[in-house]
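Sequences are here, hints too, so could you generate the full structure?
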Amino acid sequence: MRKSGMLMPVSALPGAYGIGCFSKEAYEFVDILKEAGQKLWQILPLGQTGYGDSPYQSFSTFAGNPYFIDLETLIEDELLTKEECDQADFGENEEEIDYEKIYNARFKVLKLAYARAKKNGLMESKAYRTYLEEEKAWLADYALYMAVKDSFDGKSWDQWEEDIRLRKPEAIAAYQEQLSAEIDFYEFLQYLFAGQWAGLKTYANEQGIEIIGDIPIYVAFDSADTWANPKLFQLDEENLPVAVAGCPPDAFSATGQLWGNPLYAWDYHKKTGYDWWMKRVACCFKLYDIIRIDHFRGFDEYYAIPYGDETAENGEWMPGPGMDLFRTMKETLGDLPIIAEDLGFLTDTVRQLLKDSGYPGMKVLEFAFVAGEDSDYLPHNYDKNCVVYTGTHDNDTLAGWFDSMSKKNRSFAREYMGSRRVPKKELHWQFIRLALESPARLAVIPIQDYLGLGTEARINEPSTLGKNWKWRLLPGEVDQTLVEKCRRLAKIYGRLAKNS
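So the sequence shown is numbered by my numbering: it starts at 3 and just counts up by one.
To be clear, the hints were calculated from the coordinates, so they are not data collected in a lab. It is possible that some hints are incorrect.
DEER-style ranges, computed between Cβ atoms [as the list claims (entries may be wrong)]:
hint : residue 1 : residue 2 : range
1    : Gly-478   : Met-320   : 33 to 43 angstroms
2    : Thr-274   : Lys-426   : 26 to 36 angstroms
3    : Thr-334   : Leu-484   : 55 to 65 angstroms
4    : Glu-439   : Gln-178   : 53 to 63 angstroms
5    : Ile-77    : Asp-277   : 36 to 46 angstroms
6    : Glu-94    : Gly-456   : 22 to 32 angstroms
Here are the simulated lysine to aspartate or glutamate pairs, EDC-like style, with alpha carbons at most 16 angstroms apart [to be verified]:
hint : residue 1 : residue 2
7    : Lys-36    : Asp-481
8    : Lys-233   : Asp-269
9    : Lys-469   : Asp-100
A quick note: this is a predicted structure, and the numbers were derived from the prediction, not measured. Beta carbons are placed, not taken as given, at the ideal position from N, Cα and C, and that holds for glycine.
What follows is the structure, encoded as structure tokens:
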């Protein structure tokens, strides 16, 4: 079945208190998707963000971001008062997120909710105890990690005292006793997150909307995963990385992308039957209906950069697990709806891995229009088993991208679409039509492109810090005219269910 959807980060939803969350505005966005004839809502990773605010650098693979807990729901549940939330400084600019203010204010307010929940006996409820028991495989390590991290003023775990850094049993026991209240607090936040997200996802599914989640291939070095499970990664005897992840120089960066994530010890994963990966993927399918696996190429070959290098120029490609991981996944978890992020320079072995896996790859229109080249990203080269995007969270918006193109490439794009006379302010609709009419079974369009917004609405610029992940949709910015146009296009191009 042909489907279309929108790419919209949870953080970018409108609403009170500084950042998008699981609030009434999220439910209203689901209603917009349904009315617009969409079947898919793609989001970015839901993990707790750290320095740099990137959802691809999380403190835990399994934990959710406490920023997404809806405070208005906590007011309704009498765990907070409206006055407490209104008095907190979450930032006043509704057009973008002020992460510093969110960080300084959000946890203070959530600790008030925790204190009331504890006083009201919520922690003794059957539902709460059941949640702790069901999630203990990761939750205990995560909550301890966050509590210890706070006790060391937020420092990365490689800067903690040696006994707890190396997880010596006596140190673990001592910190568990010393920080018991803080540990309980972080477990409480995950309980709230899980309950609120489950409610939103259930509502979306009831409206016929599937959630596409995003699973980063790597975990952050400064994370509960790396601290609690050093055997999973290429670390030395001091639990420091031997090499780190990234990408070689490319169109995005002349010196490459130095992500800094620890690399997997794939031989160890294979010996365990990829147990950690099976748990990770299973967890993702509790959260999402479809998952997009980031940097699919890294499973064929991964780029290893010597630890300590300041750029990604001196890395080398090393063999990954290949189909062995995905065969194990299928044997253990069954056939799963997975999208492979196969962007960038692709070798024959990566193409073969994608073919063997059967997963749909990605096609991005912003990569297609180079005059004189018959790009794989031009729609006439697609087959049905792919997902087409106008752009992703790492790309400029359509309007911003078109402005930055060379005159020659702009002319080619207009010629390809037969749109030489279309006014520039309407040109984004031509690209959207091109995506929707393509053979690709799934089509996902960033909400900014439907709105025709410029570079100011870009989500992320790779290899930069400070201005990313901040954009927010304004209240009422998606109007009825836009909704009706989206629905009409979904119908024209066979992406609307017959009974809709």
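Could you tell me which of the numbered hints above are not met by this structure, giving the numbers in increasing order? 1, 2, 3
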